Each structure stands twice: as structure tokens, then as C-alpha cells.
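Visitor: Dock chain G against the given chain S, drawing on the hints supplied.
Letter by letter, the chains look like this.
Protein chains: 2
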Amino acid sequence: MTALASIESQDIAALMRDMGIKARKAALELAQVPAEPKEAALKAAAAKLRENADTILEANTKDMEAGRAKGLTAALLDRLALDSNRIEGIAKGIEAVAQLPDPVGRELARWSPEHNGLDIARVSVPLGVIGIIYESRPNVTADAGAMCIKSGNAAILRGGSESFHSSRAIFDCMVAGIREAGLPENALQMIPVTDRAAVGEMLKLSDYIDVIVPRGGKSLISRITDESRIPLFKHLEGLCHTYVHASADPQKAVDIVVNAKMRRVGICGATETILIDSSVAGRLLPRISEALVAKSCELRGDETAQAIDGRIKPATADDWVTEYLDAIVSIKVVSGVQEAVDHINTFGSHHTDAIVAENATATATFLNGVDSGIVIVNASTQFADGGEFGMGAEIGISTGKLHARGPVGVEQLTSYKYIVRGNGQTRP
Amino acid sequence: MTALASIESQDIAALMRDMGIKARKAALELAQVPAEPKEAALKAAAAKLRENADTILEANTKDMEAGRAKGLTAALLDRLALDSNRIEGIAKGIEAVAQLPDPVGRELARWSPEHNGLDIARVSVPLGVIGIIYESRPNVTADAGAMCIKSGNAAILRGGSESFHSSRAIFDCMVAGIREAGLPENALQMIPVTDRAAVGEMLKLSDYIDVIVPRGGKSLISRITDESRIPLFKHLEGLCHTYVHASADPQKAVDIVVNAKMRRVGICGATETILIDSSVAGRLLPRISEALVAKSCELRGDETAQAIDGRIKPATADDWVTEYLDAIVSIKVVSGVQEAVDHINTFGSHHTDAIVAENATATATFLNGVDSGIVIVNASTQFADGGEFGMGAEIGISTGKLHARGPVGVEQLTSYKYIVRGNGQTRP
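If you read the protein sequences in the order shown, they are chains S and G. Mapped onto UniProt numbering, the consecutive letters of the first sequence carry residue numbers 1 to 428. Mapped onto UniProt numbering, the consecutive letters of the second sequence carry residue numbers 1 to 428.
Next up, chain S with everything else stripped away, as it sits in the complex (with noise of 0.2 Å):
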């Protein structure tokens, strides 16, 4: 449970890729575990996470006593810090992920071609070896590891340094239910060390592992997405706009921008831009001022909105490419809904994206328009989540329009194979 002292550079890809070949190997056997031993094995997980609670919570004094001494922030320190209740939240993750049908081996299509008479069905497969980096949190351990386990995939883990005893703490765990339920214990992995090395090495794996999901910051996701060889679910960030029509209901249109900039702001689906048609700007742009302002949020607009609103303060060029994740919202006033569609694909993120407006045509027009991975009418951009769409549990939220977009549930985390049945056909 405890680190390697540091290694060399050449033990690192050596251990890398061992773990690598172990990870595919347990794949190939994961593949075939029908549902009950993966429900069982995550149910035995949370049940041994209850049970070391004691341990858990030491290790993770360790981390926070290193983390206050190398003078982390204290929203970083929150983030790391467990107790009896954040434990008792990541068990109930798990077998909440444990009660999901199972993702694999359902029948996604089948027919028949005449001229052949084969018969062809299409189902769902694991993908294989998922690769998962994070950062301080360390329940990621839990429910990116049961998500993996889950859908039939082998996982290797690489937490942040901050956590490594919490995580580890965690990972004994979750291997504890997976060889009491009799899978194969090299399902989960966490690589051993702390040295950034070991990540470069994780990225050049591309014959074990299929694809890897990144969790945390901006600088994290880009260097990963510069260095990786391996396919990545990801968003880089997440610049949602909420543009309100002229023909949006004015309370709607408050409440539901107050909520997507606001309810917290910290999170990718949070709003960064409101758009706000010429037409009603000037009657419904200080109702919406005032609404803010009286949650504390600066508020930053082009010539015209400053002009209908003194709060408002002048945006520069960049203010339109900003995630602010923070109580700061940029407001620019358009002349209709093509030029709200325009800005967002050229300035937008292809994250989340919302329009407030009653009238059907506008609203067909931003939802058909808007290149994003989630397109709203009516509701809080703050909706993207997969707990909210009913996926049980995400992984992340992908922007990439490859296999997944938008969150990333356990079906998501499957691929599929043809299964072609015949009886005895030769091609003419």
C-alpha cells in the first residue's frame, strides 16, 4: 500500500507495459463474465469499502497532512478530504453502478440480407482496456473503476500524487470484491508509483489499452491530448451559452440563466455566455442583471448591453473564449437566432449549449444548428450530467464526436461485434 521508492526511467516503461499486457489479458477473460459476478463483485466492493472505512480514513490523513504541508489551496484540500459520510457516498456509488443492466451482450440490431439469407445481428461488446487519469478526488478510484468493471472493461488507474494513499486505500478495496466474486484480479489495475514519468509511458500503450478518459483540469487535458497515441474521451472545457430568444417566456428566461450560470459555477456545464436578442434585450436584459447581480455575479457585455445596463461592465474579445468557472458571465446582445447559432460554433466549446424561447421555429433552427454535444431548449445548461439524463453514473462528458458524445455512461464504454449466423453459405 505503500509507494515504490522512485525508479528508473526504463523500469518505468517496463512496468507500464507489463501492466499493460496484464490489463488486456484480464480484458479477454472480463469479456466473457456474464452479469451476476460483475454485480457481485462491485456489491463486495462497496461491502469491503464499509468495512475499511478505519484504514481508508488513515490513509487519507496521510495524504492530508502532506497535502497542507506542501501548502495545497483549501478547495484542493476539499476535494482530497474523506470522512465516514464521503465513504459511505462513494459505497452507495458503487452499487448504484452494480444495479445497471448489464451494457454487454445486448442485441443492438439483427436482420437478414435476401440475396444471402445470413443472419446478422450486431451486439454490444466491452471495449477493452480503458486507461483512467485523474486528479486529487479520490472516489474517481471507485466509480471510474466500477463503471470499467461494469461494462466488461479492464482498467488501469493513475490518480494524482496528492491522493495516492487515499486512492490506493480505495483501489485494495475495490480488487478485494473483484477477487471475492472470482474475476480476474488484473481487471483494475493502479499503477504503483507517482512519477509523471509513468503517464508519459500510459500514453505510448496503444497495442493494451483502447482508449483513455482523462478527469481534471484544462493544463492536464492538454497535455494529455498533445502526448496521447490512444484515443481520448474528453472535454478540453466547457463554454456553454444560454441565448435567449425574443419569443422566450421572461421568467423562464431568468430562472433558467441564473441557474446555468450560478448554481455552481465551477462545473462544465455551467454557462459562460448569455446571448440575448436585440429585440427583448432591452426589457428583459436588466431583469436578468438584477438577478444575478443579487447572486454576486460580475457581469462583462459588448457596447450594446452595456449600454441598456450600467452593471455591466466592458467584455474584450477574449471574454467571448473564456471558461470562467467562476461568478463571471460574459453577455452579448445578437440580432436573432442565426447569429446566437453563428457564435456559438465559432467561439463555443461543443459542449452544452441552451435556447429559452417559445417559438418553434427559432428553437428548431439553434437546435439543429448548434454543433454540440448537448443542445437544450427551456432548461439549465447545469442538466449536463449523466445522473441527470438517468445514465446511473458518468465517466466523464465528451466533446469528441468519435464513439461517445456528450456523458459517458457504462453504455458507452462498450463497442460491438457482428455476429453473422449462416448454414453453410459460400459468396457467389
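Simulated from the structure, these hints should not be mistaken for lab results. The structure presented is a predicted model; accordingly, all values stated were derived computationally and were not measured. Hints may contain errors.
Which copy? The list can't say, so a pair holds if one copy fits it or any two copies do.
Unchecked claim - Result set (DMTMM-like, lysine to aspartate or glutamate): computed pairs, CA atoms no more than 20 Å apart in a straight line:
#1 K204 to E227
#2 K22 to D207
#3 K295 to E8
#4 K62 to D318
#5 K22 to D318
Guide: Chain G in isolation, oriented as in the chain S frame:
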């Protein structure tokens, strides 16, 4: 219609970037286009192709003359050659794609989580911009171009230098059809220079191209895999297996093996290795060998196989990992289905593998255990083809696990977005 003179490398970079920007813009427009104009554009393109058959044949004559002067092999010259029959075939192919159901705007799933009452729909959308890199066959210009337009994607085509004039003449017809139907003209672009540097620049355009489809031999695919920062739909090779289980119907086994190996030896779905259970090898292998030798197939096998049939030459370790694409087959005697599965997962290319068996348990073990895009029971591996699958057309076959696996048809050229409809919901 002629190649630009060789241009400076910084000009190629600028040219490619400009094409990328134009393609992205066209893609956003094309994504909004309903089914009818896309169908009309393709039908018009087919008509233009027929009208301009003479121009295309003239261009092809230029390519053929240059090819002969360069000493291209007869096989390459045959791939390059067009005649009026082949042009009619290309036009018919475009019309077949035109008539496929529109893959865009399909509601893939729709549900409403109880706790928030949102109406969530997963709806298919185009991928965006697709890059096609191909070699000598000029018909790919039409086939791949038509599939991209049908699926609402903009495409950037890069044909082989040998077929430059032929491809360009076909391309002109495609663009004329697109223009006639009022679609954005830059929906289909073709790189106007033959410099190899253009491919390198194209592979860097990850901001503008969503996926690259390389069509060609192993060396082309390898080079693109190494260089590309853009995801690929590809298979490096088709190292396909046919496994004859102890329970196989003997006649089916002979017919399927011979067809799987010898129907066409140069395609990716051709079987390269035969695996056969030791309990039936003594009785069945001589019949299989006899039938293959009668078709002039060279046989290479392990020691057990050689002992059973003297016509079988020794196989080396290389034989198990060689895609012959020729009238040669490797033969290995195995102890049963698990050894067959392990051999395929170790040495195969995750493309297409078949079992011949009447026993349901062995069949299930094989279908579940083999980690390939297509797994087949009691039929020839040469059915690995989008047309045979009833997809109408395929742009290629993918051995990757992300997004598209197996034949890539127009459906696989789409992604999805979530459309969320609320009535004022804010998140608690």
C-alpha cells in the same frame, strides 16, 4: 482539370488549411440539408458522369499512358483502367447510395428521467468533415464522395497520383451534381496537387477534419497511422481465420474453407489460416487439402498437419502472422475451441474469423471469445463486406473498436447529439 505545377511546401500547408476551413464551413451547412437535396445531388452527379463519359475516358487514357510509361504492373493498370461499362457501374453505384435511407436525423433513443421531467433524445448527426486518402482506383472518388454527401459530411479527397486525371474528371461530375442541387459546393473538395507533402499536411488538420478513411495497401495505411493526429477508420490487414471444429459438417467445412480462401485471394476477408481440431484432422484435412490443391493453393502447416497430408509444406512462425493475399494458406491442428480462440486473438488482426461447427456450445465459446469485428458461424469469411451485410455500400472495414467496427456504411459516418427539451427546468 490539370495538376498545378509543383508548389512550395509552405504553400501546400496554406492550401490544405484553406481547404480545411472551407470544408468545415460547408459541413455546418450540409448538416442542415434534408434528405431530398442530397439525393437529388447524387442523382444529378450520376447523370453528369454518364453525360461526360467521353471526357472521363480521355482523362483515363492520359493516366493509362503515363502508367504504362512508368512501368506499372498489369494488376495496377487494371485497377486504373476505365471503360464505358465501368463508368456505368460507377454511376449506378452513386444512384444506389442516393436511394439509401437518410442516415441523418434518426432518433436513436428517447426517454424522460422521472426526477426532472426532461425529454431527452439522442439524434444522429453527420460526423462533420471526412478525409479520404486512396490509391489507384478512380472509382473511389465517386463511391466515397457519394457516401459522405449522403451522410451529410463534407469530404476532402486525395486520390493517387497514377489516377489523378481520371479521378479529377469524376470529381468534376460529382461537384456539378452538387452544384445543380444547390448544396454547398465545398462539400466535396479534391486536393489539386499530387505532391506527397499534401498528405502530411492533411493529417495535421485535426481542427478541420474529424476522421480520415485511408483506402489502400498496408504501406499506405501504416504511414498514415504513424503520422495522423486525426482518428482513422481503417484496417491494417485482414488476417482472417476459418476454424473447423470437431462437430463440423464435413461438406460444409470443405465448401466454406475453399470459398473463404480461394474465391478471391486478394481481398481483406480472404482466410489466411485454417485451424482444425485434431480429432477430425486425420479424416477431414485430406479432403480440404485436396480441394485447395485442385484450385492451385499452396499449403503450409505445422508438424501434425504435415504428418496427416504430405502435400503440406512446413510453416514457419512467420506464416501465422502473414496476410498472404495470394493462393497460399497456413494450417494448424488445434486441440479444441479454446486453443483456436487463443490463436486467433494472439495472431489475428481482429477483422473477420469463422467457425464451422454444429455444436452449439463450441459455437458460443467461439463467437463470444474471438475479439474481432466480425465473427461468423458456418459461412465464408469472404462475406465480410458492407454490400453482403445489406448496408448498400461501404467506405471501408474498420478493425478499431471506437465508433465504427466492421463494415463502415453511411450510418457509421454519423455521430449523434442529445436534444433536451424542457419547460423551464432549473437544476436543484
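Visitor: Now look at each hint and say whether the structure bears it out.
Guide: Hints versus structure:
1. K204 to E227: Answer is both: 8 Å inside a copy and 14 Å across each meet the 20 Å cutoff.
2. K22 to D207: within (12 Å within a copy, 35 Å between copies)
3. K295 to E8: neither (52 Å within a copy, 57 Å between copies)
4. K62 to D318: Classified as neither; 41 Å inside a copy, 53 Å across copies.
5. K22 to D318: Answer is neither: 47 Å inside a copy and 25 Å across each miss the 20 Å cutoff.
In terms of the numbered hints stated before, the structure departs from hints 3, 4, 5, listed from lowest to highest.
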